[in-house]
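Protein chains in written order, with our numbering: chain E, 569 to 769; chain D, 176 to 643.
Since the hints were made in silico from the structure, they are not lab data. A couple of the hints might just be wrong.
[As the list claims (entries may be wrong)] Listed next, the in silico DSSO-like pairs over lysine-lysine satisfying Cα-Cα at most 27 Å (straight line):
#: 1; chain 1: D; residue 1: 429; chain 2: E; residue 2: 765
#: 2; chain 1: E; residue 1: 751; chain 2: D; residue 2: 339
#: 3; chain 1: E; residue 1: 602; chain 2: D; residue 2: 269
#: 4; chain 1: E; residue 1: 602; chain 2: D; residue 2: 250
#: 5; chain 1: E; residue 1: 764; chain 2: D; residue 2: 266
#: 6; chain 1: D; residue 1: 266; chain 2: E; residue 2: 602
#: 7; chain 1: D; residue 1: 339; chain 2: E; residue 2: 765
#: 8; chain 1: E; residue 1: 765; chain 2: D; residue 2: 269
#: 9; chain 1: E; residue 1: 765; chain 2: D; residue 2: 501
#: 10; chain 1: E; residue 1: 599; chain 2: D; residue 2: 266
#: 11; chain 1: E; residue 1: 764; chain 2: D; residue 2: 429
#: 12; chain 1: D; residue 1: 429; chain 2: E; residue 2: 602
#: 13; chain 1: D; residue 1: 434; chain 2: E; residue 2: 735
#: 14; chain 1: E; residue 1: 764; chain 2: D; residue 2: 185
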Amino acid sequence: MEKFNKLTGIAAPMPLVNIDTDMIIPKQFLKTIKRSGLGANLFDEMRFDKDGNEIPDFVLNKKAYKNAEIIVAGENFGCGSSREHAPWALLDFGIKCVISISYADIFYNNCFKNGILPIVLKPEEVDLLMEDSKNGENARISIDLERQIVQSSEGIEFSFEIDEFKKHCLLNGLDDIGLTMEKVSIIDEFEENYQKKMPWV
Amino acid sequence: MSTAKTLYDKIWDAHIAHQDQDGTCLLYIDRHLVHEVTSPQAFEGLRMAGRTVRAPHKTIAVPDHNVPTTLDRVKGIDNLESRIQVEALDKNAKDFGVHYYPVSDVRQGIVHIVGPEQGWTLPGMTVVCGDSHTATHGAFGALAHGIGTSEVEHVLATQTLIQKKSLNMKVEITGSLKPGVTAKDITLSVIGKTGTAGGTGYVIEYCGDAIKELSMEGRMTICNMAIEGGARAGLIAPDEKTFAYCEGRPHAPKGEEWKQALKYWQTLFSDEDAHFDKVITIKGEDIAPVVTWGTSPEDVLPINSKVPAPNDFEGGKVEAVKRSLKYMGLNPGMSLEDVTIDTVFIGSCTNGRIEDLRAAAEILKGKKIKEGLRGMVVPGSGLVRAQAEEEGLADIFKEAGFEWRLAGCSMCLAMNPDQLQPGERCAATSNRNFEGRQGRGGRTHLMSPQMAAAAAVTGKLTDVRDLL
Ligand code: SF4
């Protein structure tokens with residue numbers, strides 16, 4: 569998992585509330601054997617028409633937002649399925665951070681497992697950033713995870729809360745596996761003793 | 176405090192690499208079994224993170240869920256998604272250097288049959304697989320259970336699993352079984368008694384004289400369905416039968432190591448006064464040949480019973496029974512022995528071993544299956560198939576009118592083309608009778624291989640004791 573520390577990037581405004589995991593990545597793309605490559609179908613049904621042509625009005629199809637790394641979204645983002653395909657798709661597209669008033673619980677946790685930072689702010693703060701992000705490439709939003717600060721393009725700062733342990737994991741790029749890997753010397757030691765006692769295993 | 180330990184306690188304690196203050200453990204894993212459905216994203220995760228498989232020599236992969244079981248399977252797999260999954264496993268096994276039994280290998284088969292057969296599964300081990308019926312391996316006194324895809328990746332990378340300990344449950348089957356009653360009838364009867372959630376939060380140890388009398392095959396059938404009773408895993412203490420089964424298998428220890436292992440394995444039992452959080456006792460004599468009538472494995476009754484009515488139940492189960500009777504096309508009060516079937520499926524990781532085939536063949540010897548009925552025997556592995564051919568069982572099946580298939584999961588879950596049509600009714604030796612499990616709209620009655628063979632002869636659900 570990649571480390572997350574500071575990010576300054578283009579934010580795409582998606583004021584819709586209850587954006588669910590089926591919108592983020594529709595069901596027909598879940599049968600894959602991969603977790604990479606899903607970015608091509610991120611928001612597929614909102615992004616493309618039946619013939620596969622881009623719908624020009626959709627925010628991520630607009631030139632200004634093609635390289636967005638942040639989504640500013642309406643509340644309860646990521647509700648629906650527990651599968652990890654939604655964060656996989658976001659990440660594969662290049663989204664590293666979401667800013668909203670609230671998230672579905674499982675999605676929120678799945679983000680951390682995949683190195684995405686979901687930030688919770690107050691409604692009026694999200695509103696301000698939503699307006700800010702409508703300026704496209706001209707409005708870069710900055711995030712400083714270490715200091716727990718979001719900064720608008722005009723330099724207005726908001727602070728956000730985050731669980732200490734989750735913060736530690738993101739800052740150091742640690743998923744469950746990464747965390748266990750931190751204990752690799754303990755595993756090595758255990759394995760060595762164990763293998764001596766039970767050489768047949 | 177007493178220092179007496181259960182079998183589960185002993186295996187657990189021997190595998191704790193690290194323990195957090197809140198009791199979360201890093202459990203060391205001895206054997207990691209891998210199949211094609213739940214592993215691709217885990218391997219991909221390793222690649223993306225630049226990680227390797229920590230212990231490829233303890234990792235065993237075999238395709239089983241998607242593989243065709245028809246004799247022409249060398250031609251390849253038609254369904255694109257199935258083919259991609261099997262090809263992905265081929266590649267991952269090769270790239271990461273894990274033990275592999277490809278479709279073309281005679282040792283290929285259902286992962287839970289291949290593990291014990293090749294001597295990978297041994298007493299006292301921790302065994303995991305991205306598959307809920309991993310519980311099967313508990314028959315050897317190994318702590319074995321299913322895990323999710325993210326955990327598959329975790330085990331591949333670290334050879335450990337983040338786990339909290341479950342509670343201990345003892346299920347004792349006393350006395351001995353009557354003729355016509357099998358391990359499958361025990362395990363279904365236990366679920367009938369405890370319900371599908373009765374084991375939730377527990378690891379079950381099966382014990383008692385009736386369990387001791389069972390062969391290793393029968394014990395695997397028992398543990399296989401621990402998960403259907405909601406338990407995390409099922410265990411049976413290893414004994415002389417276990418050791419005899421393991422001895423000489425390709426990956427079992429040899430020589431000095433065998434002696435050393437044996438000495439350790441002989442300490443693997445629950446101490447006399449060890450604490451169990453829950454105890455259930457059933458008399459072996461009270462168990463009859465059973466079949467399921469509904470769409471949950473707990474919907475089970477002795478074969479000479481009548482189909483129950485929704486009002487025989489309480490709470491949410493009333494609605495569930497209404498729904499399942501409708502789905503199953505059965506009416507309350509009807510004799511189970513009057514239920515006619517179209518298909519018989521003998522196989523799966525529950526009952527696809529040599530002893531199961533012997534038992535079914537015994538009933539079918541010199542008989543024909545009912546006209547118009549479709550019968551399918553799918554051996555659990557290529558080696559089971561070969562042995563059955565050598566023993567003449569295959570001829571008995573073929574002469575009776577059964578299709579004699581190649582090894583795989585087949586109609587247990589209908590991921591390959593072996594599926595029921597809507598409304599078709601099947602006597603099956605597998606483990607799940609959920610709606611649509613064997614194909615959309617298909618109706619499944621679970622039972623033992625003997626009972627399935629008896630049903631094949633009469634074309635109805637049948638009390639095998641009438642044919643003995
Ligand atoms: S035989 Fe059935 S239950 Fe067993 S592993 Fe295959 S699909 Fe699962």
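Hints, verified against the model:
{"no.": "1", "hint": "429(D) with 765(E)", "verdict": "holds, 16 Å"}
{"no.": "2", "hint": "751(E) with 339(D)", "verdict": "holds, 17 Å"}
{"no.": "3", "hint": "602(E) with 269(D)", "verdict": "holds, 18 Å"}
{"no.": "4", "hint": "602(E) with 250(D)", "verdict": "holds, 26 Å"}
{"no.": "5", "hint": "764(E) with 266(D)", "verdict": "violated, 33 Å"}
{"no.": "6", "hint": "266(D) with 602(E)", "verdict": "holds, 14 Å"}
{"no.": "7", "hint": "339(D) with 765(E)", "verdict": "holds, 24 Å"}
{"no.": "8", "hint": "765(E) with 269(D)", "verdict": "violated, 31 Å"}
{"no.": "9", "hint": "765(E) with 501(D)", "verdict": "violated, 57 Å"}
{"no.": "10", "hint": "599(E) with 266(D)", "verdict": "holds, 18 Å"}
{"no.": "11", "hint": "764(E) with 429(D)", "verdict": "holds, 16 Å"}
{"no.": "12", "hint": "429(D) with 602(E)", "verdict": "violated, 41 Å"}
{"no.": "13", "hint": "434(D) with 735(E)", "verdict": "violated, 51 Å"}
{"no.": "14", "hint": "764(E) with 185(D)", "verdict": "holds, 18 Å"}
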